[in-house]
Amino acid sequence: MKKHIYIYTLCLTVLFSGLSFAQQTPAPKQSQAISIVGATAHIGNGQVIENATVVFENGKIVRVGASATTQTSGTVIDAKGKHVYPGFIAPNSTLGLVEVDAVRATRDQSETGSFNPHIRSLIAYNTESKVVESCRPNGILTAQITPRGGRVSGTSSIVQLDAWNWEDAAVKVDDGIHMNWPNNFSRGRWWLGEPRGLTPNKNYAKQVQTIKDGFNEVLSYLKGSKSPKHLPFEAMESLMNGSQTLFVHVNTEKGILDAIDFAKQNKLKLVIVGGYHAHKVATTLSQNNIPVLLHRTHSVPNMDDEDYDLSYKKAKILTDAGVLVGLENSGQMERMNTRNLPFLAGTVAAHGMDKEKALQLITSNTAKILGVDDRLGTLEAGKDATLFISEGDALDMRGNILTHAFIQGRTLSLETHQTRLWKRYMDKYDGK
Amino acid sequence: MKKSYLLLLLLLFSLPTFAQDYFPKNDGVKTEEHTITAFTNAKIYVTPTQVIENGTLLIQDGKVLQAGANVSIPKSATVVDLTGKSVYPSFIDPYANFGIKAPKRSFDRNSPPQYDAKRQGYYWNDHIRPDTDPMTTFTYDNKKATDLLKAGFGTVNTHMHDGIVRGNGMLVALNSNGDNSMRILDNRSAQYLSYQRSNSTRQAYPTSLMGSMALIRQMYHDADWYAKGKAKRRDLALEALANNKNLVQIFHSGNKHNSIKTDAIGDEFGIQYVLIGDGTEYENINAMKATNASFIIPINFPKAYDVSDPYAAGVVELEAMKHWNQAPSNPKALADKGIVFSFTTHDLKSPKEFMGNLQKAITYGLDKTKALEALTTVPARILQQEDKVGSLQNGRQANFLITSGDIFDKKTVIYENWVQGNQNVFKDKSHKDLRGKYAFNVAGNVYDVTIAGTPEKLKSTVMKDSLKLGSKISFKDNWLQLQFTTADTTKTEFIRLTSPVRNATFFAGKAILANGSESSFNATQKEVSGSKDKKGDKKGKDKKMEAPKMFPLSYPNGAYGSAALPQQETILFRNATVWTNEKDGILQNTDVLVKDGKISRIGKNLSAGNARVIDATGKHLTSGVIDEHSHIGAFAINEAGHNSTAEVNMEDVVNPEDVDIYRNLAGGVTTIQLLHGSANPIGGRSAILRLKWGRSADDMLFKDTDGFIKFALGENVKQSNWGDTETTRFPQTRMGVEQVFTDYFQRAREYEAKKKTGTYRYDIEMETILEILNKKRFVSCHSYVQSEINMLMKVADEFGFNINTFTHILEGYKVADKMKAHGAGGSTFSDWWAYKFEVNDAIPYNGAIMHSQGVVVAFNSDDGEMSRRLNQEAAKAVKYGGVSEEEAWKFVTLNPAKLLHIDDKVGSVKTGKQADLVLWTAHPMSIYAKAQTTMIEGTVYFDLERDTQLRRKIKNERTELMNMMLLEKNKGMKTQAVKKKDKVHHHCDTVEF
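Residue numbers (the UniProt record's numbering), protein chains in the order written: chain A, 1 to 432; chain B, 1 to 993.
No lab work stands behind these hints, which were simulated from the structure alone.
Be aware that a few hints might be false.
Said to hold, decoys possible - Over 10 angstroms on every C-beta distance to chain A, these chain B residues come out as not near it, computed from the model:
| id | residue |
| --- | --- |
| 1 | D367 |
| 2 | A439 |
| 3 | I954 |
Said to hold, decoys possible - Computed footprint of chain A on chain B; a stretch qualifies when at least three of its residues, placed anywhere within it, have a C-beta under 8 angstroms from a C-beta of chain A:
| id | stretch |
| --- | --- |
| 4 | 112 to 122 |
| 5 | 517 to 528 |
The structure displayed is predicted, hence computed values, not measured ones.
Note that CB positions come from ideal geometry on N, CA and C, so glycine has one too.
Kindly produce the complete structure, drawing on both the sequences and the hints.
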């Protein structure tokens with residue numbers, strides 16, 4: 001057993017020797033072509049190529065195919081028996097906005113106020129975060145950095161997870177605006193003597209109307225002289241003209257239907273985030289081509305009566321109904337848990353979905369939903385060489401052991417603060 | 001005109017007044033009266049079982065003189081003829097807050113918490129208030145009294161609803177005409193207790209249910225010590241407690257689980273409590289019976305939920321809907337079991353709802369005599385006040401009802417409620433029923449008048465020949481007023497009639513004609529109608545009260561409950577891959593025979609005999625997953641009121657109906673350690689539970705095991721993340737944490753020394769800590785940072801014991817060699833970190849490193865969701881650090897069993913061990929594995945196939961119940977808005993108070 005660890009340690013040490021700074025240094029630009037040969041390639045669109053060759057150059061994938069028929073070039077990585085995947089994408093994430101949950105000074109995810117479309121997550125994204133670093137060795141290479149709080153939380157951006165600074169990191173700047181839809185249930189404030197539990201929210205209709213009125217005001221402003229400048233309204237322009245996406249965070253059946261209705265009336269590009277009850281309105285979602293970034297798979301049902309595996313199988317129910325689904329992981333300890341994103345997809349596969357389809361939930365589907373599928377999400381020629389090699393099935397804990405990872409063709413360090421501590425203490429015990 | 005029903009004093013002169021003959025009198029001459037009133041020809045319920053069909057009741061000076069069939073009526077008596085009417089003893093509410101306002105909870109979140117008692121000269125905890133004298137705050141509440149009187153109540157036992165020990169109650173007659181000198185029948189009637197904190201103090205302890213339970217136990221020990229005269233300080237609270245010792249002890253426990261626990265606490269101290277139920281006793285009626293307690297139960301049957309909006313209806317749980325369906329059967333269930341019970345109006349919005357609900361209980365099968373007993377003789381007996389109230393036997397208070405008939409019949413009218421001989425009239429019993437057809441003779445003209453409606457609210461039709469005239473009728477205090485238009489349709493002119501009615505067959509009075517001249521009229525009844533004419537309609541209404549379909553109970557009585565408790569089986573798993581966790585390793589194509597709850601044989605081609613054979617081809621059989629650190633299945637987690645709470649016990653607060661238990665079974669979990677939280681360095685004692693879903697809390701406790709206790713270190717215990725006001729409790733630093741332990745261990749040793757002398761104050765907390773020092777109880781310590789881990793091992797070494805387990809232990813890898821040397825195990829998270837500053841150096845390789853140094857390592861959950869995927873978490877030991885699969889699997893099975901000292905019983909697949917087994921659909925650590933069958937001691941508690949059936953059952957029952965509720969709404973019955981219970985998913989740091 002000890003020997004096993006030792007060999008593994010040695011292997012990593014040899015591969016990445018010299019990388020022992022406080023944070024991992026971002027990898028330099030790809031200087032020569034790399035060919036991964038012999039691996040099982042999980043393309044990310046449902047397709048699998050056994051004994052594949054993946055070639056990338058200048059940060060882009062140039063060729064993917066069966067090894068027998070695909071020309072290699074540049075450095076060849078023998079990946080026989082291994083698996084190659086497109087980098088996983090974590091949408092609706094606060095990575096880099098908070099470092100330590102309990103320490104207020106490190107929390108930058110939620111601004112005061114309720115109408116904050118002008119708030120931009122990108123500029124607060126900390127590329128040096130130790131939590132960000134810990135995601136890479138599990139194959140999470142891209143994330144949508146999303147602000148929280150308020151009715152309109154702000155504007156998100158999409159970043160790659162190996163960068164010197166946020167400009168460097170940006171894959172798509174200001175991709176969408178996030179809104180928390182009113183809940184049609186409210187919780188009793190028991191500490192004020194109200195009964196505990198959820199009851200219908202009497203102010204729901206009023207709260208929805210406030211949103212509608214607000215959007216009408218924005219429209220009036222944008223059609224007018226725009227003077228004096230109104231920063232939040234200005235920030236809504238791309239959303240109103242359809243070049244940005246509206247991410248509505250909503251969970252209840254009625255809320256989802258109302259949000260769809262609202263988006264249709266305002267001709268907005270809508271994505272449902274959370275969507276606890278999305279499976280109940282799957283047909284409507286499908287008919288209207290509304291994708292869903294589905295809530296954390298690893299969560300217990302809200303109700304006693306619900307199936308114990310409801311959260312596990314929801315993605316399949318939606319997918320079967322024709323809805324485009326990506327998995328998101330917000331909730332308690334969401335940042336440190338981001339590295340478990342592959343296992344959310346794995347669980348979906350365990351509960352009935354085809355493994356390659358489950359893979360799409362964290363690759364190509366998410367890329368499509370975030371509007372970055374021209375660059376990310378699959379192993380296809382022309383796309384960014386953001387991909388990794390795993391010893392085994394990357395959706396299973398036992399197989400998700402990365403040997404190589406690349407972002408835009410750059411060879412990443414798979415070391416982290418955590419691997420260094422591991423080695424340091426193993427060395428201590430081994431008497432080194 | 002409703003005022004006439006309000007506490008009307010019709011015959012003021014006939015009321016007996018109690019002369020205060022030895023007091024000065026300045027408002028007139030002495031007017032003492034001792035009138036005897038005789039109520040004759042009534043059906044008299046002297047007691048629920050002693051009924052006189054045509055009897056006489058004599059009362060004098062507010063008391064019953066005599067009640068019987070052959071009572072001679074003194075000449076001087078005032079006689080009230082009650083022919084056709086019934087007389088019942090007025091009802092008693094033994095759990096009232098009548099006239100006593102409890103303080104409101106204050107919400108001062110900006111001041112620092114208060115740890116010590118504020119009351120001086122009383123007990124060390126302000127929530128213990130046996131000295132509360134209800135009389136000091138009592139103000140007779142006329143309005144509330146009227147509501148209660150109308151509902152039939154004549155006496156209440158009222159007390160201050162505030163605090164854990166609430167002081168004595170007070171028996172009050174609802175005599176709105178008297179004063180307190182007459183009303184208060186007993187100012188020390190029963191003592192009341194609860195688990196709820198007092199609102200009149202901010203003292204932090206107890207913050208939890210188990211804290212309240214521990215406090216009550218310690219209080220009894222302290223009272224004993226005080227009674228022996230050993231205490232050095234004066235304590236008026238304990239003196240009051242001693243003074244109340246011989247009173248009936250009435251305990252508001254909160255729910256059926258607490259009722260069982262409360263009775264057990266009573267048993268520890270030789271006290272039989274009377275228990276205030278919550279209306280769910282029917283769900284566990286045998287356990288209720290076993291308490292031997294009398295119950296006081298609410299009849300606050302839930303209204304149907306308004307499920308007409310399907311989006312809203314979805315949130316109503318099956319459990320709530322079933323309770324709506326079954327709750328009215330609760331009184332019957334108690335009666336059928338022979339449990340002594342009484343009713344209270346306490347949980348009702350208004351006493352007005354009382355009789356309707358009681359009638360509902362009767363349509364659900366409650367025997368009427370039992371119902372009457374529960375309102376009269378039983379509460380009197382419970383309160384030990386039978387000599388005063390509860391019957392109409394000689395000498396009892398003259399508290400009785402006069403009704404039109406059977407008190408439980410919906411059509412029955414309560415005319416009067418007499419309390420202490422004072423009459424309260426709600427409906428005039430002499431009120432004539434005028435309904436019928438009449439000939440009115442007015443100034444030579446004859447009008448045909450039909451009077452209909454209800455006796456109180458009449459409707460008139462006046463005909464002159466074939467012409468219908470506009471008319472209006474009123475009849476009050478037996479005076480009739482009738483006005484109608486003249487036959488001349490060209491004008492709007494009125495004829496007005498007024499007359500006293502002594503006899504409905506003929507009456508005469510004054511008429512004022514259209515021209516203003518006065519004349520006379522008379523009326524002759526030609527036909528009697530009235531109560532019978534709309535019988536058809538009424539029958540229709542009565543049908544609504546018929547008992548609807550009752551859903552059968554399940555175990556537990558909500559979602560995923562089985563119709564019958566699962567039983568032990570003889571089962572042969574055929575052809576499985578068996579993960580033995582023993583030196584045999586992983587066996588292929590192997591059979592395992594389970595018999596009598598044990599693993600009976602392991603081998604190839606075993607003969608099945610009469611065993612049920614489960615084909616396990618391609619499947620994996622393992623021992624059940626054990627979670628060393630869990631907070632599911634609990635009513636509370638943290639007693640945060642003190643820095644040491646070794647006195648509290650999680651076994652007191654097990655919630656066996658938490659659906660997360662079922663979900664854990666679906667993840668292959670068979671045993672958990674229900675740990676106290678991490679709010680303080682010395683936490684509470686653990687409960688080790690086997691997840692026997694459907695069974696009681698007691699049945700779930702792992703039998704014959706060592707006891708455990710939670711300790712904690714770091715940010716939580718020094719309150720780092722509790723907000724800026726929580727900066728006064730010791731310790732606030734890691735430096736202080738060491739001293740807390742040293743202090744308590746030292747004190748425990750000193751306590752032990754004193755104990756040996758035989759003269760000592762029994763201290764539950766010290767007793768528990770002594771168990772630790774003497775290696776009879778074992779520590780599981782929440783810990784993160786290496787310095788504090790090292791510290792605690794040193795402190796333990798100093799006191800001669802060792803720390804059994806460090807739980808969480810995220811920096812265990814830094815001191816793994818020291819842990820090994822000390823003999824401590826590590827129960828850690830697979831990969832949690834970054835949520836607090838102290839987990840900055842937490843690494844997922846922790847488990848592997850500790851394991852490499854020979855530490856017994858487990859992975860735990862501290863989370864009701866992750867616990868059901870511990871099988872996958874084990875795989876992270878393979879991923880992070882390369883532990884072999886066979887060893888990694890032990891992280892969630894054999895190793896936690898070792899840490900909990902149950903590895904001789906469970907934790908591996910070995911002949912003779914208890915059959916806690918899981919059959920997985922795939923490699924158990926693979927993410928693709930599902931638990932197919934989970935068994936505990938040979939009983940299958942989860943099975944995929946059964947789960948499918950249960951889902952179907954839930955769906956069907958939900959649909960049917962929703963339909964029933966819609967029907968209820970369509971019938972015009974009142975409904976309530978949908979509501980979803982607020983489930984708290986507990987973690988280490990969950991504090992609620």
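Evaluation of the provided hints:
1. D367: holds (33 angstroms)
2. A439: holds (58 angstroms)
3. I954: violated (5 angstroms)
4. 112 to 122: violated (count 0)
5. 517 to 528: violated (count 0)
Of the hints listed earlier, those the structure fails to meet are numbers 3, 4 and 5, in rising order.
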